[in-house]
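Sequence lines, in order, name chains A and B. Note that the first sequence covers residues 1 to 352 in full-length UniProt numbering. Note that the second sequence covers residues 1 to 352 in full-length UniProt numbering.
Treat the hints loosely; a few may be bogus.
In this list, chains with the same sequence are indistinguishable; a pair is considered to hold if it fits within one copy or across any two.
As the list claims (entries may be wrong) - Below, in silico cross-link-like pairs of lysine to any residue (SDA-like), each with a Cα-Cα straight-line distance of 25 Å or less: (1) Lys3 - Asp227; (2) Lys47 - Glu253; (3) Lys338 - Ile287; (4) Lys77 - Lys129; (5) Lys119 - Thr233; (6) Lys53 - Leu75; (7) Lys47 - Pro60; (8) Lys10 - Asp23.
These are computed hints drawn from the structure, not numbers from a lab.
Protein chains: 2
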Amino acid sequence: MSKFWSETVKRCVPYVPGEQLNDANIVKLNTNENPYPPSPKVVEAIKVEAERKLNLYPSPTVDQLRTDIAEYYGLSKDNIFVGNGSDEVLAFSFLAFFEAGKPIRFPAVSYSFYPVYCKLFNISYEEVKLNRDFTLPVEAFFQTDGGVIFPNPNAPTSIYLEIDAIKEIVENNPDQVVIIDEAYIDFASESAVSLINTYNNLLVIQTMSKSRSLAGLRIGFALGNSDLIEGLTRIKDSFNSYTLDRLAIAGAEAAIKDTNYYKSTTREIIHTREWITAEMKKRGFHILPSQANFIFVSHYNKQAEELYAALKDRNVLIRHFNKPGIDNYLRVTIGTNKNMELFLNKLDEILA
Amino acid sequence: MSKFWSETVKRCVPYVPGEQLNDANIVKLNTNENPYPPSPKVVEAIKVEAERKLNLYPSPTVDQLRTDIAEYYGLSKDNIFVGNGSDEVLAFSFLAFFEAGKPIRFPAVSYSFYPVYCKLFNISYEEVKLNRDFTLPVEAFFQTDGGVIFPNPNAPTSIYLEIDAIKEIVENNPDQVVIIDEAYIDFASESAVSLINTYNNLLVIQTMSKSRSLAGLRIGFALGNSDLIEGLTRIKDSFNSYTLDRLAIAGAEAAIKDTNYYKSTTREIIHTREWITAEMKKRGFHILPSQANFIFVSHYNKQAEELYAALKDRNVLIRHFNKPGIDNYLRVTIGTNKNMELFLNKLDEILA
Numbered sequence: 001m002s003k004f005w006s007e008t009v010k011r012c013v014p015y016v017p018g019e020q021l022n023d024a025n026i027v028k029l030n031t032n033e034n035p036y037p038p039s040p041k042v043v044e045a046i047k048v049e050a051e052r053k054l055n056l057y058p059s060p061t062v063d064q065l066r067t068d069i070a071e072y073y074g075l076s077k078d079n080i081f082v083g084n085g086s087d088e089v090l091a092f093s094f095l096a097f098f099e100a101g102k103p104i105r106f107p108a109v110s111y112s113f114y115p116v117y118c119k120l121f122n123i124s125y126e127e128v129k130l131n132r133d134f135t136l137p138v139e140a141f142f143q144t145d146g147g148v149i150f151p152n153p154n155a156p157t158s159i160y161l162e163i164d165a166i167k168e169i170v171e172n173n174p175d176q177v178v179i180i181d182e183a184y185i186d187f188a189s190e191s192a193v194s195l196i197n198t199y200n201n202l203l204v205i206q207t208m209s210k211s212r213s214l215a216g217l218r219i220g221f222a223l224g225n226s227d228l229i230e231g232l233t234r235i236k237d238s239f240n241s242y243t244l245d246r247l248a249i250a251g252a253e254a255a256i257k258d259t260n261y262y263k264s265t266t267r268e269i270i271h272t273r274e275w276i277t278a279e280m281k282k283r284g285f286h287i288l289p290s291q292a293n294f295i296f297v298s299h300y301n302k303q304a305e306e307l308y309a310a311l312k313d314r315n316v317l318i319r320h321f322n323k324p325g326i327d328n329y330l331r332v333t334i335g336t337n338k339n340m341e342l343f344l345n346k347l348d349e350i351l352a
Numbered sequence: 001m002s003k004f005w006s007e008t009v010k011r012c013v014p015y016v017p018g019e020q021l022n023d024a025n026i027v028k029l030n031t032n033e034n035p036y037p038p039s040p041k042v043v044e045a046i047k048v049e050a051e052r053k054l055n056l057y058p059s060p061t062v063d064q065l066r067t068d069i070a071e072y073y074g075l076s077k078d079n080i081f082v083g084n085g086s087d088e089v090l091a092f093s094f095l096a097f098f099e100a101g102k103p104i105r106f107p108a109v110s111y112s113f114y115p116v117y118c119k120l121f122n123i124s125y126e127e128v129k130l131n132r133d134f135t136l137p138v139e140a141f142f143q144t145d146g147g148v149i150f151p152n153p154n155a156p157t158s159i160y161l162e163i164d165a166i167k168e169i170v171e172n173n174p175d176q177v178v179i180i181d182e183a184y185i186d187f188a189s190e191s192a193v194s195l196i197n198t199y200n201n202l203l204v205i206q207t208m209s210k211s212r213s214l215a216g217l218r219i220g221f222a223l224g225n226s227d228l229i230e231g232l233t234r235i236k237d238s239f240n241s242y243t244l245d246r247l248a249i250a251g252a253e254a255a256i257k258d259t260n261y262y263k264s265t266t267r268e269i270i271h272t273r274e275w276i277t278a279e280m281k282k283r284g285f286h287i288l289p290s291q292a293n294f295i296f297v298s299h300y301n302k303q304a305e306e307l308y309a310a311l312k313d314r315n316v317l318i319r320h321f322n323k324p325g326i327d328n329y330l331r332v333t334i335g336t337n338k339n340m341e342l343f344l345n346k347l348d349e350i351l352a
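Chain A with its partners taken away, still in its complex shape:
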């Protein structure tokens, strides 16, 4: 600990992302990336933009991309905020809508970045225990002091919460902001975006990292009432005028327009998910009902940590969270059929 560090540095507890190994031999099923490349139109748009005006600042207001996203969802540009990955959008949202002394609530099993933001920005929080089947106890999120945030589908459980339940949570927090973190929503049934025009306290956050195959481009966005978007914009403009570079903007504009491409890769992943789920059940795995691009599994007699290590030894990387309540579970990203066949073969070796 350095004498030069602020109280903020001393207080914060950095997030640890899944291992990012640069080894081409590894089958990487640990960070919920999309196994398919982005739309060829995205790559083309980036290559064109690279030749244009990299010496000039990008748009600080990112109007065109915001307009494109708004059109996709039948909203207005003033309902859209864009950022450098949904992690940045989340960070800005915590600063904009949550604060010390008014505890927010999120599930105890959830995206482990939430408590990290709370510690960084000194925001009070309460962790709500999930039901025994890992579903969300809806009423426990009513009447909060400071607001609510959870992923839907939840991570790492992969379980989706129905829109009617979200409506109830939003209605029972009329003076607080409810944030639905929809990183995986395109692999699920229905987004809460449809509620935005009805509820001024609902913020939906999405990303292009998962369904649009653009984890490497860092594009996240928030959708909500224009007052909420203005709050986010004030924070962003007090932090960094230009959070998206010209290439990311160009790529994201192309991505949001090529709906057919991402719908087709998404269908493929859902198909693979259903197949691998069936195969793993045959092998003695308990698998939570997934509406995401990953599954959350435990085996009836093999320890999760042991399976994780044995797979890693065989160059297959999945994610194990060493956290009470889920430490006998493993999170497995859905790769291509070929990736998953290899994964199954290695599992069979280990379980044999």
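Since chain A is already given, all that's left is putting chain B on it; use the hints.
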């Protein structure tokens, strides 16, 4: 003001960047961008990277780029932090090293983002009046409670402070961090980077937006003792695991290696700066001695605001700060010779 906004949103006073007009007819001399395109090697590296793995997350630790920058400066990777533009690096630095109750000091005429960060993060500050010739009153930065930050060369004055004076400031703040914001250093005589191995409380921040012609790519970096870099990394890892996208990393790696290219465009800009300075002096302008890629000027009998407006009417955009003490000055970015000839012609029309 929305009832959903946190105290942070209510408190913050967003930065207003120079106008970013998307009109190809405008000669843009208002945001200190480099008029030359980036190195062709940067463009090529981006185009290659666009075809690679955009579906996968970038490196969270950005080791290769940090190693490349370290090599350029004869430092170690642990001395280098990279971020999404130097504005983000500055924001993280304010969070990491400054805090409430311990006032930091910066010049009253300086980068106007500093007070914005202070308000966002609730950091106390004192603004130090410049000398009458716009130079920095060095001793006024000694023995601060919370630390020091200033640009060198200063912005928008363009005036460079000698390394010996920086040394004195650093030595006279042994328990505080002194941040030298070197956005424009490549147009000046000498960087303070050479002092990093001697002083553990010195942080130097640079950017690829200016001398490397990459404002559109958003690459900033900090150089300092490994303890300071660790502090910044803890903040970044509590905020966003991946702040640089794959394309920005690839472009920045190519940029830091192509020294010849940027040295040649930098020489060109310095040459143009000296020429335009001489021409404007002939026309009755007072011009501060510039070591940046811009000049800070006032006219002996024409009001700055009036000149700004008359030039804007003629499609030439420069920057006017409506701030006491400098409201009769104009900041003019150094463009190509052709840009500056056009600018001079328009000036001659106005002054005629």
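Right, here's what the structure says about each hint:
no. : hint            : verdict
1   : Lys3 - Asp227   : between (40 Å within a copy, 9 Å between copies)
2   : Lys47 - Glu253  : both (13 Å within a copy, 17 Å between copies)
3   : Lys338 - Ile287 : within (21 Å within a copy, 67 Å between copies)
4   : Lys77 - Lys129  : neither (37 Å within a copy, 42 Å between copies)
5   : Lys119 - Thr233 : both (22 Å within a copy, 15 Å between copies)
6   : Lys53 - Leu75   : neither (30 Å within a copy, 31 Å between copies)
7   : Lys47 - Pro60   : both (21 Å within a copy, 24 Å between copies)
8   : Lys10 - Asp23   : neither (34 Å within a copy, 47 Å between copies)
In terms of the numbered hints stated before, the structure departs from hints 4, 6, 8, listed from lowest to highest.
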